[in-house]
Amino acid sequence: MTPRRKRLITLLAVLAGLGLATVVALKAFDSNLQYFYDPSEVSSGKAPTGRTIRVGGMVAKGSVVRAPGSLEVQFVITDFAKDVTVKYTGLLPDLFREGQGIIAHGSLRNGVFMADEVLAKHDEKYTPPEVAKSLKKRHEGVGAAAPDANGNEATSR
Amino acid sequence: MIPEIGTLALLIALLLTALQAFFGLAGAYRNDAVWMRTSSIATTGVFAFVLLAFLILVRAFIEHDYSVEYVAHNSNNELPLMYRIAAVWGAHEGSLLLWVLILATWSLLVARLSGGLPDAFRARVLGTLGLVGLGFLAFTMFTSSPFTRLLPSPSDGADLNPILQDPALAAHPPMLYMGYVGTSVAFAFAVAAMLSGRMDASWSRWTRPWTVAAWMRLTLGITLGSWWAYYELGWGGWWFWDPVENASFMPWLASTALIHSLAVTEKRGLFRNWTLLLAIFAFSLSLLGTFLVRSGVLVSVHSFAADPSRGLFVLALLLFFIVGSLSLYAIRAPSLQADGGFAPVSRESFLLLNNALLVAAAGLILLGTLWPLIMDSFNLGKISVGPPYFNTVFLVPTLPLVALVAVGMHATWKRASYASKGRVLTYMALGGLALGALIAFVCYGSYGVPLTIIGFGGGFFLMASAAWEPVLRLIRRQAQTRAAVGMAVAHFGIGMFVIGVSGVASYKIEKDVSMGPGDTATIAGYTFRFDSTNDARGPNYQAREAHVSITSDGKPVADLTTQKRQFKVQSMPMTHAGITVAWNRDLFVALGDELGAGKWSLRLQYKPLVRYIWLGGVFMALGGLIAILDRRYRRSAVPVSATGEEG
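Heads up: the sequence lines are chains A and B, in that order. Under our numbering, the first residue of the first sequence carries the number 1190, and numbering increases by one thereafter. Under our numbering, the first residue of the second sequence carries the number 3, and numbering increases by one thereafter.
In case anyone wonders, no lab produced these hints; they're calculated from the structure. Be aware that a few hints might be false.
[What the hints assert, rightly or not] Here chain A is said to cover these stretches of chain B; the calculated rule only asks that three of the stretch's residues, wherever they fall, bring their Cβ under 8 Å from a Cβ of chain A:
#	region
1	365-372
2	565-576
3	588-598
4	601-612
[As the list claims (entries may be wrong)] Each computed BS3-like pair below joins lysine-lysine, with the alpha-carbon atoms no more than 30 Å apart:
#	chain 1	residue 1	chain 2	residue 2
5	B	K601	A	K1276
6	B	K513	A	K1250
7	B	K510	A	K1216
[Claimed, not checked] To list a few chain A residues with every Cβ distance to chain B over 10 Å, as calculated:
#	residue
8	P1192
9	K1195
10	S1252
Keep in mind it's a predicted model, so treat the numbers as computed, not measured. We put the beta carbon where it would ideally sit given N, CA and C, even for glycine.
Looking at chain A on its own, in the form it has when it is part of the complex (with noise of 0.2 Å):
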């Protein structure tokens, strides 16, 4: 084979292979893109119903409920403007409780949000950034403690 046609082929199949990395990458990347919400969004609107989102905001104080022994709950997030009533079934991460800013992950029916995975950072002073955004865009300054630069947390599931 002259080195002309080797080098052609090479091209091609290079040019193949980037082809089908593109078409992998764009399918997957146009399927698994999460749009983050905050709870004014949600209340207005703009969230879409059914699909895969999360939502995020502090958990309001006195929201918590659960028949005792049972695995469910509901709870309110809030941006301190609107509200967004949650619910989930399942383990709520350590760091999960009332005050504490969270990103619940799952869909919208029905105007409540049906969550299948919550996340807390690892991390006492930590708001998730786009929540600290969120509060700070509705409400200048309430609450919303400044990130931890550190990178080293690690999200608990």
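Add chain B to chain A, keeping to what the hints say.
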């Protein structure tokens, strides 16, 4: 007074790295033997002074010197000695000092162990490493000094983050950093080759063991991190596609591609430009990883903007090295290219595919990691890229790679013929798939997910294919090179890893339950009984403890204890999981919250074959170690001819 000596030692080390860089690069340019020797001596000095600074910081932790701000923030009177030492690299400032110490160590080793290198070449390598060291020492000194005083000093410290108080995590950063920083050696060799315009077989032979040594540490570091996340974060996942994890995984993919490309460059003199480029990529991705983890951009690009000094510094370093090395590449690489042919079916073409697939995976992971940051910087919305994206873009390139490795490692250079081995390989592939199907249906009772049998089959195929040659030679009492054995062991490890991942992904069971004392729950044939709960205390925490006994068909399997720990100083709750290990599965219990009515929430997990994920990682690293011990690298003290030997 002593911490000030630490600052002074860092300052002297900074000046010495400047000398190392200048006399190394300028000495090689002028071909001045005295200058080049000065660079080598400076390298030793840098190591000595960085080590001194490091030991001073260790001493401050051991002696509870809370007048040092870093110690006050990361230690505590009740923190056990082992974790006081691990706390040295538990946060930003100390981990940078560790970074610099490891770089100084690698540089010293290059200076001392590379007697066979031409003087000018070694000087260029040391000079380049000096530049890297200069950047990071300046970063440490001017933005992140670990010796900053805190006055008046507190009587007690704020304690080390509880999730870091763990043996595996004490070992994880040093191991990972040895790998990260080790890529700088391959990078320095690449820069030296481009500066000198000389890149022959002996160049690859010098570069290979260093690159494999770094790769091996990176492999072990990532494996340790994954294992730690599994049991310490308490929820039983082994990989989360967290940006911090990706930051370590991308350099791994690039250096894996690099060690394979180097093999072609050494044996056949081909892929030279590509090898240089990969060395640049691997190092750049390591720097990028450092930037991502250290700048705060992962928390928020805006927090980066709020306190930009650290992030900007690393970003400037990143740009300097990437732009600098790529410019050099653009100027010099064309003159280094060699022409040589190989057939479409040959070891070269298999390794080319290997490289293309690994780089594609790294690139797609990079895209997924950076995209949220890009969107956020342009205020296009807060997004996150979900794990399914990463699973897809990782699996699509690497699954074919498993079969390619199994077939490709038996290919010969230039032109491969499968006349003798094709039949055996076909049987192995079919046998692997059959065994996979058998295990899926007989042991686990279902075909699992669509890829399960392909995963099992590919894993067994690769293990058989890797073991074939060494075992055959062992039986026939034929000699074999350590390089060949090392390759087989590492590839065998990939097979184990693939089987472990397939098993966990297909058949794991996770169940959240509400249980009170005396209650039972059954998953995968194992009955978990909540026996009792009580209070417990550790050296620096109090805990609620639950005892769970596990039985299978009425026979006892294990008694597990799981705790919800409340750390005193940081008042931070943390789950400590109870895990029992067997050769074919883990059983896992984690205690949640008190639910009222005498019930507790518990997470029960059944993790089949999960240990093979980490065991596979250990085998890969072990294979690397064996390969480095190959004879031909140890001859490097004697000048080697450019043609080299086959092996």
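Taking the hints in turn, this is what the structure says about them:
1. 365-372: holds (count 4)
2. 565-576: holds (count 6)
3. 588-598: Per the Cβ count (5), the hint holds.
4. 601-612: holds (count 4)
5. K601(B) x K1276(A): OK: K601(B) and K1276(A) at ~20 Å, within 30 Å.
6. K513(B) x K1250(A): Roughly 29 Å between the alpha carbons, so the hint for K513(B) and K1250(A) holds.
7. K510(B) x K1216(A): holds, 27 Å
8. P1192: Not fine: 7 Å to the nearest Cβ puts P1192(A) too close to chain B.
9. K1195: violated, 6 Å
10. S1252: holds, 16 Å
Violated hints for the displayed structure, listed by number in ascending order: 8 and 9.
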